[in-house]
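Could you build the full structure based on these sequences and the hints that come with them?
Top line first, the protein sequences correspond to chains A and B. Read in order, the letters of the first sequence are residues 1 to 88 in the working numbering. Read in order, the letters of the second sequence are residues 1001 to 1158 in the working numbering.
Among the hints, erroneous ones may be present.
If you want the footprint, here are the derived chain B segments under chain A, 3+ residues with CB under 8 Å [what the hints assert, rightly or not]:
(1) 1034-1045
(2) 1144-1151
Ranges between beta-carbon positions, derived for each pair [to be verified]:
(3) B:G1062 <-> A:Q9: 50 to 56 Å
(4) B:G1093 <-> A:L15: 48 to 54 Å
(5) A:V21 <-> B:S1070: 39 to 45 Å
In short, the hints are calculated from the structure, not lab data. Heads up, the beta-carbon is just placed ideally off N, CA and C, and yes, glycines get one too.
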Amino acid sequence: MILDLDLVQIIHIVLPILIVVASILAVVLKDLLAAAIAVAAMSLLLSLEFYILQAPDVAIAEAGIGACLTTAILIIAIRGTKRMEEDA
Amino acid sequence: MSGMSKIVKTISSITFPFVFIYGLYVIAHGHLTPGGGFQGGAIVASGCAMILVAYGSVWTMGKIKEKNLSILESLGGFCFILLAFLGLGFGTGFFNNLFVGNEFLFGETPKFNSVAANFNTAGVIPLMNFAVGLKVIAGLFAIVLVMAYASSIREDEK
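The structure is reproduced here in structure tokens:
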């Protein structure tokens, strides 16, 4: 087999692809609540990537701020305004 | 927002002490393990945001006012910069670690080649971690609390 990869290398390939997919979903989706969830998923995957790049300090900060508090603030803001994005 | 159902309230009440203790653990072990004041404060503020979502912003605003959170945040920043200036006044310079090597709190020097982590080390750094943790908890929770309270007022006006 040409590509002789172990598990960590496979994770290093799969996780950035998932991060890009989640980011594209966050931009494309018209439902802003789903877009906020996509941002949260992107942040969680990014913290996992930081962890396997041996930066657990940054991973804790990213999981706490990005995946939890930012999502809470975004959802509160969506509740105060409209849920669906209007066509420009 | 008048709070969620009784199941959500009960579960978040059970879960909140564990989140709180874990955040305090991350703050207190900032000089030994990954994490520190900012990370642990973010974890505790996340737990407080969970309580806020479960019980509603009006109830939480009745328990703790945003002005008190602002005072706590200023107290954390003041303690941090006071410790830094203590290093300037009694030591050699700004942010000088003047508590290292003393007899009481956080003063021990770890032995050479020691593997086990000694909590009672690092001088002024754990105290600065506590100050930063207090500032981050109060600041982040104040942001979420004010935001939820303002949007609930807007809901009542509709």
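Query raised in the report: How about the segment 1034-1045 of chain B: do at least three of its residues have a C-beta closer than 8 Å to a C-beta of chain A?
Result: n = 8 at 8 Å, threshold three: holds.
Report task. With respect to the beta-carbon atoms only, verify the hint that B:G1093 and A:L15 lie 48 to 54 Å apart. Result -> 43 Å, violated
**Report entry** Cβ distance range 50 to 56 Å for B:G1062 and A:Q9, holds or violated
**Finding:** 53 Å, holds
Query raised in the report: Do at least three Cβ atoms from the segment 1144-1151 of chain B come closer than 8 Å to Cβ atoms of chain A?
Result: Our answer is that it holds, as 5 residues pass the Cβ test (under 8 Å) against chain A, meeting three.
**Report entry** Hint check for B:S1070 and A:V21 - Cβ pair distance inside 39 to 45 Å
**Finding:** 40 Å, holds
Checked against the numbered hints above, the structure violates only hint 4.
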